[in-house]
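With the hints as constraints, model all of the structure from the sequences given.
Below are the chains, spelled out letter by letter.
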Amino acid sequence: MKQLVLAATASLVLGFPAAALEGPRKIVDYDIAVSFDPETKLVEGSETLKWTNPGDVPVGELRFHTYWNAFRNDRSTFFKESGGQLRGDKADTGKGWGYTNVTSMKWDGAELVKGARFESPDDGNPDDRTVLVVPLPRPVAPGETATLAITWKAKVPRVYARAGYVRDFFFFGQWFPQIGVYEPKGRRRNSDAGWNCHQYHANSEFYADWGDWRVAITLPEKFVVGSAGALVDTERTGGKKTLTYAQRSIHNFAFTADPRYVLVEDVFDPAKDIPKDEIARAAKTLGRSESDLLSGFHKVGIRLYLQPDHHAFDRRHIEAQKWALAWTGLWAFPYPYAQISIVDTPEDGLGATGMEYETIFTTLSLKWMERWPFNRIFVPEMVTIHEFTHGYWMGLLASNEFEESWMDEGINTFTESVMVDRKYGTYMSVPPGIGFKNEEMNRAQAALTQDHDPILSTAWKYVSENSYGRNSYPQPGTTIQQIRNLLGEEAFWKAFRDYAERWRFDHPTSEDFLDAMRASGNPHVAALIQKTWYGRGWIDFSILKAETEKDDGFTGFDDAGKPVNFDPDPRKKKKPKEKDDREKKGPWESLVVVCRDGDIEMPANVVLTFKDETTVTRTWDGAGGWIKYHVTSSSPLVKAEVDPERRTVLDRNPWNNARYTKKYEGPSAAAKGRTYALHLVEILLSTLWGVL
Amino acid sequence: MSATVSGLSAALRHRRLAGVLWLSLFASALVTWFPMKSLFAVFDEGAFREVLMKGWDGWAMLSWMTAESRSLAIATASVTGTLLVFALLQIFLTGGVLRVLVDGKPRPVFARVIAESASLFKANLWAAARFLLAASIWGGLFVAAPVALLKKLARDAPPHTLLPDLAFWWGIVAGAIVLLNVGLRYDLARIALARGDARNARGAYRVAKQRLAGRRASGIRVLLVWLAFGAAMQAVFTSAGLRMNPHTNGAVAGLFVFRQAGFYLLAMVRVGFWAALLVWEERRRPAYSVIGSASGGATWKLSEPIATSAAASARPETGSSVTTNGSALLSS
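Protein sequence lines, in the order shown, are assigned to chains A and B. In terms of this note's numbering, the first sequence opens at residue 3 and continues consecutively. In terms of this note's numbering, the second sequence opens at residue 2 and continues consecutively.
Keep in mind the hints are simulated off the structure, nothing from the lab. It cannot be assumed that every hint is accurate.
Unchecked claim - Taking lysine-lysine and the DSSO-like style, the derived pairs with C-alpha atoms no more than 27 Å apart in a straight line are:
(1) B:K55 - A:K664
(2) A:K369 - B:K153
(3) A:K97 - B:K152
(4) A:K301 - A:K28
(5) B:K152 - A:K92
(6) B:K153 - A:K613
(7) A:K224 - A:K97
(8) A:K92 - A:K43
(9) A:K547 - B:K38
(10) A:K155 - A:K224
(11) A:K157 - A:K242
(12) A:K52 - A:K28
(13) A:K242 - A:K97
(14) B:K38 - A:K425
(15) A:K425 - A:K369
(16) A:K28 - A:K108
(17) A:K43 - B:K152
(18) B:K153 - A:K157
(19) B:K153 - A:K43
(20) A:K439 - B:K55
(21) A:K664 - B:K38
(22) A:K630 - A:K613
(23) A:K155 - A:K108
(24) A:K243 - A:K157
(25) A:K43 - A:K187
(26) A:K92 - B:K153
(27) A:K242 - A:K155
(28) A:K286 - A:K155
(29) B:K152 - A:K369
(30) A:K97 - A:K52
(31) B:K153 - A:K97
(32) A:K157 - A:K224
(33) A:K613 - A:K664
(34) A:K43 - A:K242
Here is the structure:
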């Protein structure tokens, strides 16, 4: 029965994309057979690779990624850069090393391995073994397809950075000799043709060409396998099984195996799973009909490979996945594949968590988050949404993560915030109502911090891992939010969707996205892009001064020499000023000085609030460092505030955006804050009564 | 009358004593007032005043923590200092609180508690040190070492399976058991000091051991009942306080008073606990008590009848030679 279901699923998978995909330029075709021994962690593989020269000049050598050599020893570039730890996980420097050894590579009967050599194009590290250069006996002509027969042996590393094993859990990512990307002239705006095949760095992910895949995996029967693509064949012999998966039109292939997986299956049904209000919102904002927006949707099979101790998370991940499928389908374009596999990594293998591949990704479940009140922390949902959506900004719009990591992580951080905040509201909320939105958390890491790099840099050239993280994730995410605020909802989302539709199944570069944003002609957007993607721009609005005085006319001698508003007799004492002259009737003269620090120019509203509760709003274009407002009014000025709508999400210090003309007399937020803080201290102290 | 009922009754009767404990809490917390004042000043001067008066604002709080990071660091340091001061203050006050409870006179309280606390402070401080030492040793032996061993055994086991779960729950349960046992003995040692059953911490711990012999479980039950009372009280008032979310200065003052009432009730729970434990201990006292253990050989002395109020108040402040086997707690 299961076989029948699997076969049906397979036909569905292979059937759907034919209609849904518009067809990327397919450069590669992989047919791989791999077997591994879970005891020794040794892998043997063979692949038939068909590679088509996409350029208009002959290519005399091929370049391959042998990623697992990053875990070969502590001299690899990856290890040197990471220091043996990544994203909180540490390398096992005892038995945890791994490698990939290409044992044979034949083309037209000629063995190529003998002439192959490792190169380190990025850092010249002579000990790095992650880029294999294979000279060819004759060049591959433009448009010619070279069919290579490759065999290799590998050892699975213990997981600390994306791929590897822990106990019986295996995640195979970047696991086979994968050909680099030969970029013809003009691809990603390049002026020259050539190989784009970088070393494996601690702070970099991947870039590859589109193609079709067929992968046969041989392993012991007891393992449950989750994979990119769909299962098309199963064979069983001698306690082992061989599972064959196929997927068209992707550019990487990953799979996982663990005997403990519990498989949860569901189906995303557009008729039921797309919220009606979201359809209406998207149609209105994008200026398209609802039927137009829904036309590309189809059912998507969801397979969740859950750890048995995480059963409480099954609906949480599934619901998050369905929401992500609905949202991305409406605001970018419908997901073109027939299935998506979600892999729940074990809690002792978190190095593999939060990693994305096409049609498969790893997510996070932590048991302590399954019960009240911690089930209000929607981090598992956020990870599912985030990793799935990588399938768009890295997967379907296949950006070069080595060179432009923000294009995947940054756009993804932005869309993740929109999705998570819309569905979950305050996503870290313990106790209820007190917490933070996803966008606020990202904004805090971007706007409130200083850094030494622009957004745009190659992944391994940021000054630190923190800088890579900030400039790849929250900084571009928040800056895109800033662009959204500058353009307005309709213009922004139309530009956003145009970008997504234009570049799907292609390899966009930074300028392609930025051009889409600049297309509206908004000068502030163009300036913002220049200052942030290519510079370290920042901005801080503030009210430097807010004063108000009763206008009693002038003081001194008039033209006739008569004293006005003062007594010239030096023996008389000066009349003391009234304690609070704000009670007097007008007119009142007010002075407000608004400042903008930092090198980003941005328009902002300035709102002046008077005692009679009237307000005056002026828009400042942000040019120059400051602006003064002189206002004459019948009521005294109480407060001046710049950007009260908080549209400047990059504002480094939003607290100095308002100033009061005198000590405030109304309800005191400070007193409220102090009171709660005092109670917090008392709660903390009183817990000692339980011990002392 | 059960120990719990006696404790509740004493908590209601010794309201001033609870007041002293509440005052110690409030005064300690006030140490942080000035750093807090500087930390929160921007709430009234900055852009988020109105929104914070309405309630929680995540972005306001995140940006405030960054903008006021220095003030926040100072306030955090002051809270840490306050924790230490409060811990010492409780070690100090417990002796006086117990003496007042033993004597059963609800007033005068303040001066009495201070004077009695001062006389017992040195011995109580040693008792606290011994408590910490015992907690470390027993915690190391029965919690840390087994957990480390189980973790080693579970190194290749999947998470949340038998061995890792056993390590986790062993840590929690054994840790609680160790803390309850060590804590109970510490509490009984302090009672012994307050009653004058022993001159010093060493002797007091010996007396406490005798009291606990064979009756440990019921003593722990008393502890757990009052811990549960306290936790429930704290949860109710904290939750209600958060819901109040005051919008005016008057409402803020109301919140302040409401929370202090909560802490005062918590102090009453503390008094109730001590009273209940005194009753429990009293029922397990032999007809005679050991005193003078510090001098080496045990001196056996017949217990004296319950001290009258007058006799109690006339008692020398050091009080270490006075023993009772029944107090006003039971007779009242």
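Here is how each hint holds up against the structure:
1. B:K55 - A:K664: 22 Å, holds
2. A:K369 - B:K153: Since the Cα atoms of K369 of chain A and K153 of chain B sit roughly 21 Å apart, the hinted pair holds (cutoff 27 Å).
3. A:K97 - B:K152: 19 Å, holds
4. A:K301 - A:K28: 25 Å, holds
5. B:K152 - A:K92: The hint holds at about 18 Å.
6. B:K153 - A:K613: It is violated: about 69 Å lies between the C-alpha atoms, which goes past 27 Å.
7. A:K224 - A:K97: Judged against 27 Å, a Cα distance of about 24 Å means the pair holds.
8. A:K92 - A:K43: Holds, at about 19 Å.
9. A:K547 - B:K38: 23 Å, holds
10. A:K155 - A:K224: 23 Å, holds
11. A:K157 - A:K242: 19 Å, holds
12. A:K52 - A:K28: 10 Å, holds
13. A:K242 - A:K97: 26 Å, holds
14. B:K38 - A:K425: 37 Å, violated
15. A:K425 - A:K369: 22 Å, holds
16. A:K28 - A:K108: With Cα atoms ~22 Å apart, K28 of chain A and K108 of chain A stay inside 27 Å; holds.
17. A:K43 - B:K152: Given that 27 Å is the threshold and the Cα spacing comes to 24 Å, the pair holds.
18. B:K153 - A:K157: OK: K153 of chain B and K157 of chain A at ~25 Å, within 27 Å.
19. B:K153 - A:K43: 22 Å, holds
20. A:K439 - B:K55: Satisfied, since the Cα-Cα distance of roughly 18 Å is no more than 27 Å.
21. A:K664 - B:K38: Within the cut-off at roughly 18 Å; holds.
22. A:K630 - A:K613: Answer holds: K630 of chain A to K613 of chain A is near 20 Å, not above 27 Å.
23. A:K155 - A:K108: 16 Å, holds
24. A:K243 - A:K157: Holds. K243 of chain A to K157 of chain A sits at ~20 Å (cutoff 27 Å).
25. A:K43 - A:K187: It is violated: about 42 Å lies between the C-alpha atoms, which goes past 27 Å.
26. A:K92 - B:K153: With a Cα-Cα distance of about 18 Å, the restraint between K92 of chain A and K153 of chain B holds, given a limit of 27 Å.
27. A:K242 - A:K155: Since the Cα atoms of K242 of chain A and K155 of chain A sit roughly 19 Å apart, the hinted pair holds (cutoff 27 Å).
28. A:K286 - A:K155: 55 Å, violated
29. B:K152 - A:K369: With a Cα-Cα distance of about 18 Å, the restraint between K152 of chain B and K369 of chain A holds, given a limit of 27 Å.
30. A:K97 - A:K52: Roughly 35 Å separates the two Cα atoms, so the pair is violated.
31. B:K153 - A:K97: 17 Å, holds
32. A:K157 - A:K224: 20 Å, holds
33. A:K613 - A:K664: OK: K613 of chain A and K664 of chain A at ~12 Å, within 27 Å.
34. A:K43 - A:K242: With Cα atoms ~16 Å apart, K43 of chain A and K242 of chain A stay inside 27 Å; holds.
In summary, the numbered hints that this structure violates are 6, 14, 25, 28 and 30.
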